[in-house]
Amino acid sequence: MDKRIWAIGGGKGGTGKSFVAASLGLHLASLDRPVLLVDADLGAPNLHTLLGIKASHPDLGDFLINAVPSLEHAAVETPYRNLRLVKGSENILFIANINHYRKLRFLRQLRQIEAPNIVLDLGTGSSFNTLDFFLSANPGVVVATPEPTAIENTYLFLKSCIMRVLKLYMDHYKIKDLHQRMLDQIEKNSQSLYGFFKSLMESDRAYGTILYRALRGFRPCLVMNKTRDERDVLLGRSVADVARKYLLIDMKYLGAVPYDEDVQASLRELRPFYVDHRDSAAARAIRQMSEELAYSIEFTLRTPPEIRLPDA
Amino acid sequence: MLKRIEDWNYYELLSVERTASQDEIWAAFQASLATYRDGSLALYGLVTEDERALVLERVQEAFQTLRDPEKRKDYDLALLRHTPYVPQKAPFRRSVGKVEIEDVAPTKGLWARVKRLFSRNP
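Here the protein sequences come in this chain order: A and B. Convert by adding 31 to the 1-based position in the first sequence; the result is the number in our numbering. Convert by adding 87 to the 1-based position in the second sequence; the result is the number in our numbering.
Same shape as in the complex, but just chain A (with noise of 0.2 Å):
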């Protein structure tokens, strides 16, 4: 059976993450194929609240600190068929700092869980847990807002996660005195990942194919959220291709999901909106999202191999 385990992240707090998360767990849970939902947000979780449960034990905290044996425990079951969730630890402060083994085995056992759909709600920000979350899922799916600061903090996120792959890639083959000089000159202007490659592409062009490689692998989607003209959505398709461009990666824009006030009256009820509001714009922007997807994984499967034209 085919899993997907789902990341839905990004730089900015409060481009509706979690809303994205929730809605999306509801949505592939309504598809008759069960669903787990982890609030993986480790600094301030709150996707419970989204989806009207309140918070209780077990939750994410209890598997991190070992008090029950697996992910699967710390599972508990909704008001929702199909769908479980990973509750968020609100108790225990010092969980955000999770140290290595702790990720490492958190990021097994989502591998290992029996659900055809995972989807990990991420916390704000750039920290290393949170990028490898992002990084060990496919598809990892990155929110925005259609305002600078949420553009800005976008960049920022996929450049962190640029640098990550290339350093866990570096790591790997060993050659480590790369990375003071990748962030030398990363830092410099937009064309400095193009800069970069370049230069290593000649002094060793096995390393620079390898790490260009990697960099490819690395397949971000984006939503673009709280949208309300079609400006802002033709501004998640343009970031999606100045990332294209300027960053090389191959990044897929999803859509967009339109502001909605009810979103704000569903939360002060603690009721998930995407479950009273089915027919509303966003929820079907969120339903349009998902098959998008599905359908662009499954003609991928379908893709024959490519045929070169000999060279003119």
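Treat the hints as calculated values from the structure; they're not laboratory data. Where hints are given, some of them may not hold.
Stated by the list, open to error - Here are the computed distance ranges between Cβ atoms for each label pair:
| # | chain 1 | residue 1 | chain 2 | residue 2 | range |
| --- | --- | --- | --- | --- | --- |
| 1 | A | Ala325 | B | Glu136 | 34 to 44 Å |
| 2 | B | Phe205 | A | Leu135 | 39 to 49 Å |
| 3 | A | His104 | B | Ala114 | 47 to 57 Å |
| 4 | A | Arg247 | B | Ser108 | 20 to 30 Å |
| 5 | A | Arg112 | B | Phe205 | 44 to 54 Å |
| 6 | A | Asp208 | B | Leu141 | 25 to 35 Å |
| 7 | A | Leu135 | B | Leu204 | 16 to 26 Å |
| 8 | A | Asp260 | B | Asp137 | 28 to 38 Å |
| 9 | B | Lys160 | A | Glu292 | 44 to 54 Å |
| 10 | B | Glu144 | A | Ser101 | 52 to 62 Å |
Cβ atoms here follow ideal geometry from the backbone N, Cα and C, with glycine treated the same way.
With chain A's structure known, arrange chain B on it following the hints.
Coordinates of chain B only, in the frame set by chain A:
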């Protein structure tokens, strides 16, 4: 496709296929204008003003060429002579041979020291 923005051909610049119709090129041109216009949000925090102006100029140049069937034909021929056309791969592909975080041995900490002690080539 590791190229500077200045080296992108007109199709790459507008993010369209080489087989794109006139309507597709028009739509792509409008989208590119929105991306690279003065004060565009999409470039915020990433692209400088000089670079933006340069790309916008090239976008307009690209559209002027591709909208005219005659000019486009000449451009296509020149392009084909220079680089053969390879159709775009699927829009979303799975990563093959991805290195997972677990594959990378930690460099710090007790476990790393113990492992190094017993590894064959420390």
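Query - Hint numbers not upheld by this structure, sorted from lowest to highest - result: 2
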